[in-house]
Amino acid sequence: MNHTQPLILGIESSCDETGVGLVRGTTLLTNTVSSSMEEHIRFGGVIPEIASRAHLDAFVPTLQQALVDAGVSLDDVDAFAVTSGPGLAGALMVGVSAAKALALATGKPLYAINHLVAHVGVALLDESIAAVNDDGGLPENLGALLVSGGHTEILRVRSIASGVELLGATIDDAAGEAFDKVARLLGLHYPGGPAIDRLAKEGNAKAIRFPRGLTMPKYMGTPEAPGPHRYDFSFSGLKTAVARCVEGYEARGEDIPVADIAASFQEAVLDVITAKAVLACKEQGITTLLLGGGVAANSRLRVLAQQRCAAAGIMLLVPKMSLCTDNGAMVAALGAQLVMNGVVPSELSFAPDSSMPVTSISL
Amino acid sequence: MRILTIDTSAIASAAVLDFDPLDLVRTTELVANFATDDTRSHAEVLAPGVKSLFTDPVVEGPALDAIVVGTGPGPFTGLRSGIAMARTLSFTWAVPLYGMMSLDALAQQVFDTPARRDGRAVGPLAMNDFVVATDARRKEVYWAKYNAGAHLIDGPHVGPAEEIFGVQVFGAGAGLYQDVLESNGCSVHPTFAHAQPTAFELARAAARRIAGAGSLEAAGFLQSTPLYLRESDAKVPGPRKRAL
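Quick mapping for you: the protein sequence lines, in order, are chains V and L.
Quick note: the first sequence uses our numbering, first residue 23, plus one each step.
Quick note: the second sequence uses our numbering, first residue 24, plus one each step.
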């Protein structure tokens, strides 16, 4: 196997995107994604069984397309990598079974990798953000802020292949999930993120003061004596506050100021996310912050994160959107790092782990 | 002719069967076989199990004449693991893939099992139409009706065992609901009260079908589309509940 510039095929199926990506070292060859998002719209959120069924039917065609686009054959591939968690159990199972079949059919190694760490590894593929240092690795003192429909996490990345630490995470809903639920309350369509982002531009973000979850002193503590949730998030109370607010207008027979509510809700979410991420960076010596996950597409998040990072002297890296959302290339990118660092491949007997901790980079 | 079969509709199993379609009785040889006892470890055991069927899967896999996968019905997640595996092996090895209803494997096994009296075979176990049933969870069974020659005549269905009347019922689904079935005038054969579809029996059923038709292509196999029989439980959300 080529250990300096390995050709890795990565497979992602943890939520509603079936992704197959091919990466050579830190060079992206192709990133093919098939999404079942359309099938979830009428439900207002991802239905795991529907996503799992779609993965099964999309996998081989997506694989075939990726190989054609990259102009390589399975013979050329040095190793396979697959998301083994965290994610939807039934959805993970499809990608994992297919990946194991590829490994056993070709006799090549397979890496069962962590989805969240892959969101960090993807930064290596985007030349425009120049995240790669002179050694071909990620910058020193790196942190990551992952915000999507399934995740809201702050990570510290000491080494992409061997040392990732969870600094903070949501204790209930993910941020993107809160956008979806509030969008429904406001009569907007799924996915809620783009809908609220658009509407919020017409509204006043200061019109309604919605609660900022887990920001009270008893949760925050001090730098010397951190509280129990200093870097953690909570969005379910915010969602309820929006519901009560909407009901209040209805009960009074008033028109609901949807644009103001959307803008105020969005500000409440993004204010806490960016404030806590920057706080974590400052206190933990993080000098470069990487943004990842589908909510990275939110225009207000990009502005706010950029302002606050700049003010704190932190370099913010935002990979292009096709690499921020779930995809197979990020899985391949992390797989390549594991190969280059001589990490031992996974056994064929590993099981997907829907709550795989971020400290477990591969199984 | 050499085929690989995979079935994960209940237990996880895989088999390689070698046979000459023109002389099934004398040539059929089980090359290798793998099966679990439990129905909940597919993710972990299936790939090592399939690998164990070969000395070198990289060389022997592409030489297979076909892969036949059990398409259920069966619990969704387990069923998909086998079909995802079979589809990907078929693509990688460039070996044609066919689907076969998993209940056919049990029907074949019933057909091949003689009734015994005092240790001697005394004709077939199923003299008339019979039903094969497996556990569909949620107090229901997956079932299908076959004639005495093990040809499918009705099904597959999913529903409570109460829906089955007046026939011999074989398979783990029968053992689970023996009382219900017996009160419906059915009989449950004790040696099949815990029987699950297996890749080995699926392979034998496939071989018989190929031999009968004269070729793989003419054997009337299904595609590898899973027989879910149930929709996802998701409901389109109704209007918001109001608290004020």
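In case anyone wonders, no lab produced these hints; they're calculated from the structure.
Predicted, not measured: the structure shown is a model, and the values here were computed from it.
Just so you know, even glycine gets a beta-carbon here, dropped at the ideal spot from N, CA and C.
Hints may contain errors.
Covered by chain L, according to a simulated footprint, are these stretches of chain V (three or more residues, beta-carbon under 8 Å) [claimed, not checked]:
| hint | region |
| --- | --- |
| 1 | 358-367 |
| 2 | 370-376 |
Simulated coverage check for chain L against chain V, where a stretch passes if three residues somewhere in it have a Cβ under 8 Å from a Cβ of chain V [stated by the list, open to error]:
| hint | region |
| --- | --- |
| 3 | 39-48 |
| 4 | 98-111 |
| 5 | 161-172 |
| 6 | 231-237 |
Here's how the hints hold up against the structure:
Counting residues of the region 358-367 of chain V whose C-beta sits closer than 8 Å to any C-beta of chain L gives 0, which falls short of three, so the coverage hint is violated. Figure legend: the region 370-376 of chain V, annotated as covered by chain L; annotation consistent (5 residues with Cβ-Cβ distances under 8 Å, at least 3 required). Chain V is given as covering the region 39-48 of chain L, and this is violated because 0 residues of the stretch bring a CB closer than 8 Å to a CB of that chain, at least three being needed. Judged by the Cβ-Cβ criterion of 8 Å, the region 98-111 of chain L is covered by chain V as claimed, because 11 of its residues qualify and three suffice.
Interface restraint, the region 161-172 of chain L with chain V: violated (0 residues with C-beta to C-beta distance below 8 Å; minimum three). Taking a C-beta to C-beta cut-off of 8 Å, the region 231-237 of chain L contributes 0 residues in contact with chain V, too few for the three needed, and the coverage statement is violated.
Going through the hint list in order, the structure does not satisfy hints 1, 3, 5, 6.
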